[in-house]
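For the sequence shown, this note's numbering gives the first residue as 1, with consecutive numbering after it.
Don't read these hints as lab results, they were simulated from the structure.
There may be inaccurate statements among the hints.
[As the list claims (entries may be wrong)] As a list, the in silico DSBU-like pairs of lysine-lysine whose alpha-carbon atoms are at most 35 Å apart: (1) Lys15 - Lys48; (2) Lys232 - Lys109; (3) Lys48 - Lys4; (4) Lys266 - Lys181; (5) Lys205 - Lys131; (6) Lys109 - Lys40.
[Claimed, not checked] Quick list of simulated restraints, FRET-style, between CB atoms: (7) His117 - Lys181: 54 to 62 Å; (8) Glu47 - Leu91: 21 to 29 Å; (9) Glu211 - Ser262: 47 to 55 Å; (10) Glu126 - Lys15: 30 to 38 Å; (11) Ala12 - Glu126: 21 to 29 Å; (12) Pro19 - Lys40: 22 to 30 Å; (13) Glu126 - Val34: 34 to 42 Å; (14) Leu24 - Leu217: 16 to 24 Å; (15) Gln39 - Leu91: 58 to 66 Å; (16) Leu217 - Glu126: 39 to 47 Å; (17) Asn214 - Lys181: 32 to 40 Å; (18) Met259 - Asn214: 27 to 35 Å; (19) Trp21 - Glu211: 52 to 60 Å; (20) His62 - Met259: 37 to 45 Å.
Cβ coordinates follow ideal geometry from the N, Cα and C atoms, glycine included.
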Amino acid sequence: MYGKLPEHETNAPHKQCYPKWKSLQHSLLAETGVDGHLQKQMLTEVEKNKMRLERLLDVTLHLASRNLAFRGKPSNMDDVHNGNFLGTLELLSHYDPLLHEHLEKIRQKKKGARLTHYLSAETQNEFIELKKLDALFTAYLTLDGVLALLLFELWQLTHLPSIIEALECILATCNLTSEAKFEANGLKNYFMTFDAVVLLTVWVKVLQSIENRNLILQAGNISLDIEAANVKALQEEIQAIRNERSSLLAEASLVAQAMEISVQFKREDRRKRKRKCMPDEMMTQGDIPEESAEDAFRYNIFFVAMDAIISDLS
């Protein structure tokens with residue numbers, strides 16, 4: 001490369017192209033000459049296109065916010081049945097020179113000619129989708145990073161109040177659909193239960209154990225014996241967490257009390273199961289005691305999850 005650069009700088013094509021390039025660069029920066037005028041004209045057209053799109057976006061969002069139909073049966077300009085979107089643009093064009101110029105170009109377009117007019121249904125749908133993304137990003141900025149806590153792989157119990165606060169902020173500030181509002185309310189109510197605190201207590205320990213072993217396994221120059229030993233050790237750690245149910249409940253109780261959450265599992269209305277009574281038995285003797293909420297959580301959720309992880313590691 002050291003020897004090629006001087007050779008390249010002294011050859012004839014380079015000497016011819018370099019002055020042309022510098023002249024073009026100067027004319028563009030100084031906005032002089034044909035190239036400068038073309039560049040200025042192009043920038044002016046870009047700004048006009050931005051202003052056109054702003055008007056089309058405003059009309060699109062105006063109709064969408066009121067749940068009005070966009071299109072009519074025909075899609076021709078100046079047709080009284082062409083729908084709310086084109087009709088609104090035609091009305092505004094009487095008072096907006098830029099919009100009037102744009103619609104006149106569409107009216108005068110020759111048959112078979114191509115013209116980008118941004119009046120199609122696809123463009124309207126793109127506007128609405130982009131507005132949804134913009135609202136989502138605005139919500140992230142409004143929450144000042146609190147919502148990002150929901151994306152952490154390793155949840156910390158100290159983040160739970162911030163998560164609840166973020167959900168409340170979303171419900172109060174974001175324009176959500178009825179389905180999204182229902183889901184957000186459900187999440188907020190769930191995170192304010194003792195069940196959620198216990199599960200977060202468990203998963204913090206499980207995920208931390210997996211993360212620690214994962215860092216070791218990802219290191220280089222590890223034999224298969226060491227990998228197998230680490231997997232075995234991870235299995236034993238998960239088994240130890242399974243056996244520490246009482247200490248996990250005690251830890252979760254302290255966290256729940258600090259957050260002013262009732263230290264009781266969520267109870268569901270359950271029908272009592274009955275067995276067939278013999279003729280000489282009283283009816284109450286056939287009743288099977290209702291399973292407590294704590295026992296249901298222990299056997300149906302905690303043990304099932306722990307056993308599934310241990311089984312996958314075997």
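Okay, the hints, checked on the actual structure:
{"no.": "1", "hint": "Lys15 - Lys48", "in the structure": "violated, 40 Å"}
{"no.": "2", "hint": "Lys232 - Lys109", "in the structure": "violated, 74 Å"}
{"no.": "3", "hint": "Lys48 - Lys4", "in the structure": "violated, 47 Å"}
{"no.": "4", "hint": "Lys266 - Lys181", "in the structure": "holds, 22 Å"}
{"no.": "5", "hint": "Lys205 - Lys131", "in the structure": "violated, 40 Å"}
{"no.": "6", "hint": "Lys109 - Lys40", "in the structure": "holds, 26 Å"}
{"no.": "7", "hint": "His117 - Lys181: 54 to 62 Å", "in the structure": "violated, 37 Å"}
{"no.": "8", "hint": "Glu47 - Leu91: 21 to 29 Å", "in the structure": "holds, 24 Å"}
{"no.": "9", "hint": "Glu211 - Ser262: 47 to 55 Å", "in the structure": "violated, 31 Å"}
{"no.": "10", "hint": "Glu126 - Lys15: 30 to 38 Å", "in the structure": "violated, 49 Å"}
{"no.": "11", "hint": "Ala12 - Glu126: 21 to 29 Å", "in the structure": "violated, 50 Å"}
{"no.": "12", "hint": "Pro19 - Lys40: 22 to 30 Å", "in the structure": "holds, 23 Å"}
{"no.": "13", "hint": "Glu126 - Val34: 34 to 42 Å", "in the structure": "holds, 36 Å"}
{"no.": "14", "hint": "Leu24 - Leu217: 16 to 24 Å", "in the structure": "violated, 57 Å"}
{"no.": "15", "hint": "Gln39 - Leu91: 58 to 66 Å", "in the structure": "violated, 36 Å"}
{"no.": "16", "hint": "Leu217 - Glu126: 39 to 47 Å", "in the structure": "holds, 45 Å"}
{"no.": "17", "hint": "Asn214 - Lys181: 32 to 40 Å", "in the structure": "holds, 37 Å"}
{"no.": "18", "hint": "Met259 - Asn214: 27 to 35 Å", "in the structure": "holds, 30 Å"}
{"no.": "19", "hint": "Trp21 - Glu211: 52 to 60 Å", "in the structure": "holds, 55 Å"}
{"no.": "20", "hint": "His62 - Met259: 37 to 45 Å", "in the structure": "holds, 44 Å"}
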